[in-house]
Amino acid sequence: MEGNPLTLIPVLVFLLVTFAVVMGINRRAALRGGNFVSEYFIGNRSLGGFVLAMTTIATYGSVSSFVGGPGQAWQIGWGWVYMSAVQVTALFLLFGILGKKLALISRKIGAVTIIDVLRARYKSDAIANVSAVIILLFFAAMMVAQFVGGAKLFESVTGYSYVIGLLIFGIVVISYTTVGGFRGVAVTDAICGVMMIVGIVILAAGILIAGGGYENIMQTIMAENPAMMDPLSDGNMPIGLYVTQWLLVGVLTFCLPQSVVRCLGFKDEKALKNAMVVGTVIIGLMMICVTALGVLAKGVLPGTLAEYGGSVDNIIPLAIMESLPAWLAGIAIVGPIAASISTVSSLLISASSSIIKDMYMHHCDKRGHEVADTRISTLSRIFTYAVGVLVLVIAIAPPDVIWKINMFAFGGLETAFCWAFVMGLFWKRAHAWGAFASMAGGVVAYCVTMALGFKVFDLHQIVIGASVSLVLMLVFSWLGNRYDRQRGIIDQPDGVFFVA
Amino acid sequence: MTYKEKLQQANREALAAVIGLGATIIVWALLGFGVAQTGIVVFSTPLWVITGCFGTFVFAVVIAVVMAKFVMHDVGLEDDEEGADNGR
Chain G
12 MEGNPLTLIP VLVFLLVTFA VVMGINRRAA LRGGNFVSEY FIGNRSLGGF
62 VLAMTTIATY GSVSSFVGGP GQAWQIGWGW VYMSAVQVTA LFLLFGILGK
112 KLALISRKIG AVTIIDVLRA RYKSDAIANV SAVIILLFFA AMMVAQFVGG
162 AKLFESVTGY SYVIGLLIFG IVVISYTTVG GFRGVAVTDA ICGVMMIVGI
212 VILAAGILIA GGGYENIMQT IMAENPAMMD PLSDGNMPIG LYVTQWLLVG
262 VLTFCLPQSV VRCLGFKDEK ALKNAMVVGT VIIGLMMICV TALGVLAKGV
312 LPGTLAEYGG SVDNIIPLAI MESLPAWLAG IAIVGPIAAS ISTVSSLLIS
362 ASSSIIKDMY MHHCDKRGHE VADTRISTLS RIFTYAVGVL VLVIAIAPPD
412 VIWKINMFAF GGLETAFCWA FVMGLFWKRA HAWGAFASMA GGVVAYCVTM
462 ALGFKVFDLH QIVIGASVSL VLMLVFSWLG NRYDRQRGII DQPDGVFFVA
Chain L
23 MTYKEKLQQA NREALAAVIG LGATIIVWAL LGFGVAQTGI VVFSTPLWVI
73 TGCFGTFVFA VVIAVVMAKF VMHDVGLEDD EEGADNGR
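If you're matching them up, the sequences are chains G and L in order.
Here the working numbering is used: the first residue of the first sequence is 12, the next is one more, and so on.
Here the working numbering is used: the first residue of the second sequence is 23, the next is one more, and so on.
Treat the hints as calculated values from the structure; they're not laboratory data.
If you're wondering where the values come from, they're calculated on a predicted model, not measured in any experiment.
Treat the hints loosely; a few may be bogus.
When the alpha-carbon atoms are kept at most 27 Å apart in a straight line, the in silico BS3-like pairs for lysine-lysine are as follows [stated by the list, open to error]:
1. Lys-281/G to Lys-119/G
2. Lys-119/G to Lys-91/L
3. Lys-119/G to Lys-377/G
4. Lys-278/G to Lys-119/G
5. Lys-439/G to Lys-26/L
6. Lys-26/L to Lys-278/G
7. Lys-91/L to Lys-278/G
8. Lys-281/G to Lys-26/L
9. Lys-134/G to Lys-377/G
10. Lys-26/L to Lys-134/G
11. Lys-26/L to Lys-119/G
12. Lys-281/G to Lys-91/L
13. Lys-134/G to Lys-119/G
Put together the whole structure using the sequences plus the hints.
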C-alpha cells in the first residue's frame with residue numbers, strides 16, 4: 012500500500028504544534044528560574060483546573076481506549092459500552108479520595124513524586140525501591156504498548172510503514188517530554204485531550220453517514236446481531252466480567268501512580284474542584300462515545316471477525332478508512348495518536364522521576380553528597396531521553412494484542428499501589444511491613460495467576476491480586492506493629508499523615 | 023484552621039467520594055440491567071443503553087457537582103497552621 016501524503020499532513024501539523032507549544036512554555040519557565048526538580052517533575056504545583064482535568068484524562072485515555080475498547084464493542088455490542096460507562100467514576104474518585112489529602116501532605120513534606128509520599132509515610136527505603144522497580148517495569152510495558160498501538164494505526168490508515176510512524180511521533184513525544192518536563196507534559200496533554208475529542212467527533216460523523224444514519228445502523232444490528240442489544244450479549248458479556256471491569260477500569264484506577272502524581276501538581280483548591288466537575292463530564296462523554304463508535308462501526312463493517320483479519324484491533328482502523336476521505340482520516344487518526352503520546356509522555360516523565368529523584372538523588376542524599384542543580388538537570392534530561400529511546404527501540408519489534416498488555420500493567424499497578432496508598436493515607440496502623448508485603452506479594456500473585464490463566468469463580472485475576480494484597484497488608488501490618496511494640500517502639504502519629 | 027482539621031476535612035471528602043461511588047454503582051445497575059428488563063426500545067435503541075450509559079454519566083456528573091459545591095471546603099493548602107496553632 013502506498014503512503015498517502017494527505018493523511019500524513021494533519022499528523023505532522025499536530026506534532027509540530029505540540030512541540031512548538033512546549034518550546035514556548037520552556038522558554039518562559041527558564042526565565043522564571045527556581046528549583047529544577049520541583050519544576051521539571053511536578054511543574055511547581057501550578058496546574059489549573061482545566062489542564063489538571065485534561066492531563067489526567069489524556070494520561071488515562073490511551074490508544075486502547077480508541078482501538079481495543081471499541082473493537083470489543085464491535086464484537087460484543089452495547090454491553091461493552093455499558094461496561095465502559097463505569098469509567099465516569101475515575102476522576103471523582105481520584106480527586107475526591109486522594110486529591111486534598113495528597114495536596115496537603117505533599118506540600119508539608121515537599122514531595123515531588125508519589126514515591127516521596129510512600130517513603131515518608133512508611134519510613135522505608137525498601138518500599139520506595141520496590142515501588143520504583145514496579146513502576147519502571149510496568150510503565151515500560153505500557154509505553155511500548157502505546158507506541159505499538161499508535162504506530163499500527165498510523166500504518167494501516169496512512170499507508171506509510173509502521174517504523175516511519177513510530178519514529179515520527181515517538182521522537183516528537185520523547186523530545187518534548189525531555190525538554191518540557193511535567194509542565195510540558197500537562198499542557199500537551201490538554202492539547203491531546205482536545206484532539207482526542209475532535210477525532211471522536213469526526214469518526215462518529217463518518218461512521219454515521221457511511222452507515223446510512225443512526226437508526227439504519229441500529230435496525231440492521233437489531234435484525235442481524237440481536238445479541239449486541241442485550242446487556243449480557245447472549246453470554247458473551249457475563250456478570251462476572253462486569254464486576255471485574257468495574258474494578259479494573261473503574262474503582263481501582265484512582266490508585267494508578269500516573270494518575271495519583273497529578274494530585275501533587277495542582278495549584279489550589281479551586282483547580283481541584285473545577286477539575287473534578289469538568290473532568291467527570293469530559294471523561295464520561297469521551298469514554299462512552301468512543302466505545303459506542305465500535306458498536307456503530309458494525310454498520311460499516313458488517314462481516315465476521317475473520318473477514319477483518321481476525322483481530323478486534325483492526326476494526327477502528329478499517330472503520331476510519333471505510334468511512335472517511337483521506338484528509339479527514341488524517342485528522343481522525345490524530346485522536347488516537349494524541350491518546351498514545353499523551354499517555355507515553357506522562358509515563359515517561361514519571362519513570363524518569365523514579366530513577367532520578369527516587370533512586371539517584373535519594374542515594375546521594377543518604378551519603379551526604381551535595382549534587383549541583385545543573386548536574387541534576389542534565390542527568391534528568393539524559394535519563395528521560397534514554398528511557399524514551401529504549402522503549403521506542405523495543406516497540407520496533409512489537410508484541411501482540413495491545414489491549415491485553417495494557418490491561419496486564421493496569422491490574423499490576425492497581426494491585427501494587429491500591430492498599431499501600433489507601434491504607435497508608437487513611438489507616439494509622441498501616442505498617443511498612445504490611446505495605447511491602449502487599450505490594451510485592453500482590454503483584455506476584457497477580458502476575459503469576461495471569462500468566463497461568465488461573466481464575467477463581469471465573470473472575471479476572473485482578474480480584475486475586477487485590478484480595479491477596481489486602482490480606483497481606485492487614486496481616487503484616489499487625490505483625491509489624493506487634494514487633495514494634497515488643498521492641499518498645501510506640502506508635503506515634505508523625506504530624507504529617509496523621510495528627511493525634 | 024489547624025493542620026489536623028484540614029486532614030479531617032480531607033477525610034470527609036474521601037468518604038463522600040466512596041459514598042458517591044456506591045451510589046453510582048447502584049444507579050448504574052438499576053439504569054442498565056434494571057431497565058433492560060422492561061424491553062422498551064426508543065429511536066431503534068434499547069432504552070437500557072441510553073439510561074445505563076448516559077443516565078449513569080449524568081448521575082456521576084451530579085455527584086461531582088455536589089461534592090465540589092457542598093462537600094469540598096477550602097482549607098488552604100499552604101502550610102500555615104503554625105500561626106493558627108499559636109492561639110489565633
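For the pair supplied as a hint, Lys-26/L and Lys-278/G, confirm whether the alpha-carbon distance does not exceed 27 Å.
21 Å, holds
Please work out if Lys-119/G and Lys-91/L have their alpha carbons no farther apart than 27 Å.
Given that 27 Å is the threshold and the Cα spacing comes to 26 Å, the pair holds.
Need the status of pair Lys-134/G, Lys-377/G: alpha-carbon distance at most 27 Å?
13 Å, holds
Has the given pair, Lys-91/L with Lys-278/G, been kept, meaning a C-alpha gap of at most 27 Å?
This hinted pair holds, its Cα atoms lying about 18 Å apart.
Is the straight-line distance between the alpha-carbon of Lys-281/G and that of Lys-26/L 27 Å or less?
21 Å, holds
Hey, Lys-119/G versus Lys-377/G, does the alpha-carbon distance stay inside 27 Å?
The hint holds at about 21 Å.
Lys-26/L and Lys-119/G were given as a pair; does the straight-line alpha-carbon distance stay at or below 27 Å?
12 Å, holds
Would the hint linking Lys-26/L and Lys-134/G be met if the CA-CA limit is 27 Å?
Given that 27 Å is the threshold and the Cα spacing comes to 21 Å, the pair holds.
Run the distance test for Lys-439/G versus Lys-26/L: straight-line Cα separation, threshold 27 Å.
14 Å, holds
Hinted pair Lys-281/G and Lys-119/G, Cα distance within 27 Å:
19 Å, holds
Holds or violated: are the alpha carbons of Lys-281/G and Lys-91/L at most 27 Å from each other?
At roughly 11 Å apart (the allowed maximum being 27 Å), Lys-91/L and Lys-281/G satisfy the hint.
Below or equal to 27 Å on CA atoms is what counts here, so check Lys-134/G against Lys-119/G.
Answer holds: Lys-134/G to Lys-119/G is near 15 Å, not above 27 Å.
Every hint, counting from the list given before, is met by this structure.
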